[in-house]
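A.B. asks: Starting from the given sequences, assemble the full structure and let the hints guide the process.
Each protein sequence line maps, in turn, to chains V and Y.
Here our numbering is used: the first residue of the first sequence is 995, the next is one more, and so on.
Here our numbering is used: the first residue of the second sequence is 2, the next is one more, and so on.
To give a feel for the contact side, a few chain V residues facing chain Y, derived at Cβ under 8 Å: (1) Asp1014; (2) Ile1018; (3) Ser1025; (4) Lys1034; (5) Ile1036; (6) Asp1037; (7) Ala1038; (8) Asp1103; (9) Gln1107; (10) Asp1114.
These are computed hints drawn from the structure, not numbers from a lab.
The structure displayed is predicted, hence computed values, not measured ones.
Here a beta-carbon is modelled for each residue, glycine too, at the ideal position from N, C-alpha and C.
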Amino acid sequence: MKLKRRGIKRGRIEIIPLIDTVLILLIFYMSFSTFEAKEKSIDAKMPQITSKVTPGTTFDLDITLHVFNQTNILVNGASFDYKGLCDQMSQFTTTPEQKVTVVIEGEADTQYQAIISALDACAQAKLTKVAFRPLPEKPSDKQAAAPSK
Amino acid sequence: MKLKRRIIRRGRIEIIPMIDTVVILLIFYMTFSRFAEANRDSALKLPESRAGEKWKKLPQQVIVNMHSADVCSVGGEKHNVTELPNLIRGYYASLGRLDPALALRLKTGESKPSIILRGSRTMTYQDLSAFMRICAKTDLREFLPPGSPTGVAEITFTALEIQ
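C.D. replies: Structural data, given as structure tokens:
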């Protein structure tokens, strides 16, 4: 009797499923790579004006930051860069008796990144009560505040 | 002469490519639904910071994506910064219908109105000033406890983590 030879199956790579898999992986990594830079939030509580002042009220210590750019930020008149500002702001401690309010102001052409860096330095020093001194109002902005009926 | 019969090929659904396609579509929609849900403008280049925490939008928060004072987007629609007070008021007015429990919490002072500012790193202090003035003047007192001051006091600034 003649025995039948068992056919030896050679392993081979299937091209079409491989392309599908590579494409899926490519889309997956491309999509999620956009989330690599984590988005963070910095809270700021704006001071609100109230008309009543009770006797014995302690007033907040105001620190004014004038931001020209990231390398030139004035703190009560002294100039700092971002790193120096972080060190400087950490010296202002907040106690229950004495709260610190930071007032940030800038030039019209100061970049938002520099403002955020100043805010970042405040947040690192746990100073969350921050006010912004706005620039003079443009006539077009004046119409916006009134509620429409 | 005997004619050869043409073989009729029956249409059939290929399962494996279909699964591949479905997975691709699933990943695509899952990815982009995150943007839609959070009202985030993905084209915006945020500034960078070291401090800050991971954030998630709360129902009482309005997300404002700001490229400049002239180009802001709220809920995917582009507006001028001067249109923001009406949009913000409209959002809080709609809460009475969409989320009465939250509207009540705002009215009793348990929750406070808040704005999340996603500002472009290319905008200037002039643009931010316009935004801050708008926040200070937006009158939401009808949705808040009696005697509440005008303006939105809680503003959250967003930034990217420094790598």
